[in-house]
Amino acid sequence: MKKNLVHLTIDGKPVEVEEGTTILEAARKISIDIPTLCFLKDINENGDCRMCVVSVEGRRGLATSCIQKVEEGMVVKTNTPEVMSARKMVLDLTLSNHHRDCLTCIRNGNCELQALAIKYNVQNVKYDGEKLEPKIDDKSPSIVRDFKKCILCRRCVSTCKKVQDIGAIDVTQRGFSSCVSTVDNVSLKDSNCVYCGQCIESCPTGALHEKEEIDKVWEKLYDDSIIKIAQTAPAVRAGLGEEFNIALGENVQGKMVTALKRLGFDKVFDTNTGADFTIMEEANEFVDRIKEKGTLPMVTSCCPAWVRFAEKNFPSELPHLSTCKSPHQMFGAIIKSYYAKKYNVDPSKIFLVSIMPCIAKKYEATRPEMEADGIRDVDSVITTRELARMIKQKDLEFTTLEESEFDDPMGEATGAGAIFGTTGGVMEAALRTAADVLEGTDVKEIEYKKVRGEKGIKEATFKLAGRELNIAVVSGLKNARKVMNEVKENKSKYDFIEIMACPGGCVMGGGQPIKSSKTRATTDVRKYRADSLYKIDEKSKIRKSHQNPQLIKIYKEFFEKPGSKKAHKYLHTDYKKQKKYELE
Amino acid sequence: MVLYEKKEMKTAKQLEEIRKAKRKELDLRVNTKADSREKHILICHGTGCTSSKSPEILANFNKIIKEKKIKNVRVIMTGCFGICSKGPVVIIRPDDTFYSMVTPEDCEEIIEEHIIKGKRVERLLCKDVTGKMVDRLDDLAFYKKQKRIALKNCGVINPEDIDEYLAFDGYKALEKVLTSMSQDEVINEVTKSGLRGRGGAGFPTGKKWAFVKIEDNKQKYVVCNADEGDPGAFMDRSILEGDPHSVIESMAIAGYAIGADKGYIYVRAEYPIAVHRLEVAIKQARNYGLLGKKILGSKFNFDVEIRLGAGAFVCGEETALLESIEGKRGQPRLKPPYPAHSGLWGCPTLINNVETYANITRIILQGADWYSSIGTESSKGTKVFALGGDVNNVGLVEVPMGTTLREIVFDIGGGIPNGRKFKAAQTGGPSGGCIHEEHLDTPIDYESLSSIDSMMGSGGLIVMDDSKCMVNIAKFYLEFTVSESCGKCTPCRIGTKRMLEILQKICEGKGTEEDLVNLDELAKSIKVASVCGLGQTAPNPVLSTMKYFADEYKEHVIDKNCRAKECKELAKIVIDKEKCKGCDLCKKVCPVSAISGEVGKIHEIDQNKCIKCRTCMQKCPFKAIG
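Going down the list, the sequences are from chains A and B. Sequential numbering of the first sequence, starting at 14, is according to my numbering. Sequential numbering of the second sequence, starting at 141, is according to my numbering.
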């Protein structure tokens, strides 16, 4: 249905917009950049920070442009003296309760508060006074909460509650003492947080960030007695460039590999290969479950935030989860077993760093079961952002780096592995392999477009080997809860469900470059990054995991076949119920 | 206490029978010439008197009456009589004898002397400001200029007995609207009466009702805001404690008018007596079929539930109140949409405060014309004030709109105690302002109070004498707002805190002239940029004192002097050599031995030791210390 058009004037300029548009959106249409701080489109629309106030003729007080809808004949002024002094006051007050140690802040240069201070040329803080007590919660393996940087915008709170339906954090206390807290103010580690990291992506300042492992990695990189190996997840190459002002979503795989080598890694492998193994194991597990009437629907297990969510919220449904480890853990296990043996390296001398778009992977790598023969699968996990920082620290001019290829023999991956990084990718990759296994032929139709796109829950029905398969692709934990509740109540019609904790999948993971509220409101970041991965797939010569020659070789030499005893030892895992934090 | 377990639905006819019988029985309560062999001993059971043992007094009376086998005497708990400073208050009807500050030990004497011998117990009779004995309640100047509409039943009936409420036309207004008025007629009557919201902002009540009525939604709600939070305000509490049925009946009338079948009373958990009386009243009303399905045989269904507030001031703000009822953190919503359009759970919702509702039954029964004949051009009816502070008669007063502040403070309130001078009156609580002496003759209504930079507010009226420092007063109100800010928006969360810090600096003698400029600028920005009414009005006490008591601010900042000597760092307490007689009293009372001097000789204060407690000032019989 076409919406009615509304006419208004903003700063004397007539504007025509659809009914339901906010004043902010209408102003952006005519190139007026009203400042915002707490606003996060569709997620945090509370009008709390008061940065975006404007004057509306005939109205008492100032209007909140980020949520106030336009009205016919409205006369808006965005920079009257009253508006300007209110905004400056709001900014001054926000800064007055902020520990302004910008130079040593993890978000220096990419902070929305800092950007406003620059915009308004704040040179002194007039209303300085008592500040909130600086506390830090760095007990979790994934997220650090730095209270002294928090400006109470509540973007994290809304993201956790509305997008992920977890509500691990909320505002407690009142007035000046208000602060974002977990229930009973326990560490995030003991809360119901699952480490998806979407709060970090939402935070305008440095109040939330990943637990950095850069120092540990630097230390190892300078240790000549060990072999340093890096593996990079598919989504990293589609995001890393943004940290160097390269176009959104551009694939920087070649430069990334060069950079990693220059950082001092002896070998750089592609986690996409790991993803191919995951598909082999997972597709075959699925086929087995179908053939042997195992627990269905089967649910993917490559997202550690989702796994932690399931262990906390759906402990009785854990048998639905595929027993496959996630790609980087599988790949870690392969490197430290097959690869070490083949090249005659002591696996304890390998230092394996996973470069991930994700902060939950940091936690996953610390899970006690993620090892074989006493050798940890992965030694350290750093995010896309941390890699960018390391490249900068190494004084590398990323944009002009030459391109390199991943190392052999673990560097060759298929297009199926690449699309793992976006919502629907795991499903599509698995279907390509499952179809071939079930049909017993090389199926030509390999693009499952119904599972692509931004929708939080996508459903499709495919006919494979005469059997109708109902599948669902889910991203965002709110959607996951919905789908899993159906599973729990035995109402689910699906055979196979892909679940990713982050809306949009790994390309939008909690370890990816952070985008401002404005960028998120005006640009479909997910699409740019996801398209980049689909392009890699399109250009790949091999687009089915089970056709990866490296993989075939490794199965032949080491694992024998998917689901073998050895495969289980190295490539599979199990799950157990995790305590949910409840108020006594 | 009457708690009805069994349903006893009453028809309109049966109710009228109860009314008639009860009215006859209770005639002595309101008619001093009533022909009655009975005597009623009424004991105030408002929060104030209750905390000074009125329940024990009641029990004692009953015990003695039983022991002495006295007939024709009933002991009754009532709501507040208003004159709280004289509590616990005991009134004997129809004699109209007013005993003040009664203790449980006095009961024996009252029974023996008054009831048995017919002699008044003189020592317990109330004395007025001049020290004159007042034996009849109506003789007290405190009551002379008052007009009781909202408080009509307070102090007259037992609030826990629905029959006593019925005796004074209880539920007659509801019956009237259900049997003879259309929804629009009810709203028109309320509109015509000129009644405006008594919660503070003064929005025309009838208009608000009409806004909700026109909303096309199956589910609508009626909400009573009983989250009275202004420091020193207790009007709503007293109405709920003294006459809970009047609020319930009015809510039902509102429900009928706007088309709602469900009401919520949001009341503070710190008002346990009010909550209890409401619970009893709701139970009784349900029992008589005055709440529930098909009320009085009509098609109208209505019921009420109580929701307890956990003590956050901001929950008195209507949208924060709605959030709280919904079980969320009590913080305001942005308006628009207004609750009339989207309120409780997104449904059209009517929110009025207790006192507003308490006027409705009278308007319906006595008519809009009668009601609008009281008050001023823009503000009709009466207003209840909780009179407190440096005034002789602390208590609850209800006056017609247009009464001047001077009349309230000096005639009703009996003036300023201890021979001190009036300095300021504060209305509107933390959202209001301080009224200067020059405006004492302002007739009280919504507009005139705004014109002198204060506001009606919910009705707290705090009188201050010349021993009060106005900067310190502003600081006091700001301390309140800072601790009650919900923390949602930046201007209120951080801004009020910064204002407080500047005021603290000024009171400590560290303020600069630049601070005054910054304070003013910050205050004005907070007013325009805050989300809700609390933030938008929080700077008012500061702005009004900066305007009307500017010289005091300047003295603090430039002369480093606090004339009231309340700001310790700025107060220098000295002994006037001319006046000192060397009586040595000051030396004796000084807690830190800062005063030296021999008996008969002039004394002196060691400024290094003095802690500015002002005890010597208060004790000096020659007013030599200041």
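There's no promise every hint is true.
Straight-line C-alpha distance at most 30 Å; calculated DSSO-like pairs for lysine-lysine [said to hold, decoys possible]:
id: 1; chain 1: B; residue 1: Lys645; chain 2: A; residue 2: Lys161
id: 2; chain 1: A; residue 1: Lys144; chain 2: B; residue 2: Lys694
id: 3; chain 1: B; residue 1: Lys468; chain 2: A; residue 2: Lys501
id: 4; chain 1: A; residue 1: Lys144; chain 2: B; residue 2: Lys468
id: 5; chain 1: B; residue 1: Lys667; chain 2: A; residue 2: Lys139
id: 6; chain 1: A; residue 1: Lys491; chain 2: B; residue 2: Lys475
id: 7; chain 1: A; residue 1: Lys144; chain 2: B; residue 2: Lys347
id: 8; chain 1: B; residue 1: Lys708; chain 2: A; residue 2: Lys139
id: 9; chain 1: B; residue 1: Lys358; chain 2: A; residue 2: Lys82
id: 10; chain 1: A; residue 1: Lys491; chain 2: B; residue 2: Lys687
id: 11; chain 1: A; residue 1: Lys82; chain 2: B; residue 2: Lys475
id: 12; chain 1: A; residue 1: Lys101; chain 2: A; residue 2: Lys82
id: 13; chain 1: A; residue 1: Lys144; chain 2: B; residue 2: Lys708
id: 14; chain 1: A; residue 1: Lys26; chain 2: B; residue 2: Lys667
id: 15; chain 1: B; residue 1: Lys353; chain 2: A; residue 2: Lys54
id: 16; chain 1: A; residue 1: Lys354; chain 2: A; residue 2: Lys462
id: 17; chain 1: A; residue 1: Lys101; chain 2: A; residue 2: Lys90
id: 18; chain 1: B; residue 1: Lys667; chain 2: A; residue 2: Lys161
id: 19; chain 1: A; residue 1: Lys82; chain 2: B; residue 2: Lys645
id: 20; chain 1: A; residue 1: Lys101; chain 2: B; residue 2: Lys728
id: 21; chain 1: A; residue 1: Lys139; chain 2: B; residue 2: Lys687
id: 22; chain 1: B; residue 1: Lys358; chain 2: A; residue 2: Lys175
id: 23; chain 1: A; residue 1: Lys101; chain 2: B; residue 2: Lys687
id: 24; chain 1: A; residue 1: Lys82; chain 2: B; residue 2: Lys700
id: 25; chain 1: A; residue 1: Lys16; chain 2: B; residue 2: Lys358
id: 26; chain 1: B; residue 1: Lys475; chain 2: A; residue 2: Lys42
id: 27; chain 1: B; residue 1: Lys728; chain 2: B; residue 2: Lys717
id: 28; chain 1: B; residue 1: Lys561; chain 2: B; residue 2: Lys468
id: 29; chain 1: B; residue 1: Lys358; chain 2: A; residue 2: Lys101
id: 30; chain 1: A; residue 1: Lys531; chain 2: B; residue 2: Lys667
id: 31; chain 1: A; residue 1: Lys144; chain 2: B; residue 2: Lys664
id: 32; chain 1: A; residue 1: Lys101; chain 2: B; residue 2: Lys650
id: 33; chain 1: B; residue 1: Lys347; chain 2: A; residue 2: Lys82
Rather than coming from a laboratory, the hints here were simulated on the basis of the structure.
Hints, verified against the model:
no., hint, verdict
1, B:Lys645 / A:Lys161, "25 Å, holds"
2, A:Lys144 / B:Lys694, "28 Å, holds"
3, B:Lys468 / A:Lys501, "28 Å, holds"
4, A:Lys144 / B:Lys468, "27 Å, holds"
5, B:Lys667 / A:Lys139, "18 Å, holds"
6, A:Lys491 / B:Lys475, "29 Å, holds"
7, A:Lys144 / B:Lys347, "45 Å, violated"
8, B:Lys708 / A:Lys139, "27 Å, holds"
9, B:Lys358 / A:Lys82, "26 Å, holds"
10, A:Lys491 / B:Lys687, "54 Å, violated"
11, A:Lys82 / B:Lys475, "12 Å, holds"
12, A:Lys101 / A:Lys82, "24 Å, holds"
13, A:Lys144 / B:Lys708, "26 Å, holds"
14, A:Lys26 / B:Lys667, "28 Å, holds"
15, B:Lys353 / A:Lys54, "34 Å, violated"
16, A:Lys354 / A:Lys462, "40 Å, violated"
17, A:Lys101 / A:Lys90, "16 Å, holds"
18, B:Lys667 / A:Lys161, "27 Å, holds"
19, A:Lys82 / B:Lys645, "42 Å, violated"
20, A:Lys101 / B:Lys728, "56 Å, violated"
21, A:Lys139 / B:Lys687, "23 Å, holds"
22, B:Lys358 / A:Lys175, "28 Å, holds"
23, A:Lys101 / B:Lys687, "24 Å, holds"
24, A:Lys82 / B:Lys700, "51 Å, violated"
25, A:Lys16 / B:Lys358, "26 Å, holds"
26, B:Lys475 / A:Lys42, "25 Å, holds"
27, B:Lys728 / B:Lys717, "18 Å, holds"
28, B:Lys561 / B:Lys468, "47 Å, violated"
29, B:Lys358 / A:Lys101, "45 Å, violated"
30, A:Lys531 / B:Lys667, "28 Å, holds"
31, A:Lys144 / B:Lys664, "23 Å, holds"
32, A:Lys101 / B:Lys650, "26 Å, holds"
33, B:Lys347 / A:Lys82, "25 Å, holds"
Hints 7, 10, 15, 16, 19, 20, 24, 28 and 29 from the earlier list are contradicted by this structure; the remaining hints agree with it.
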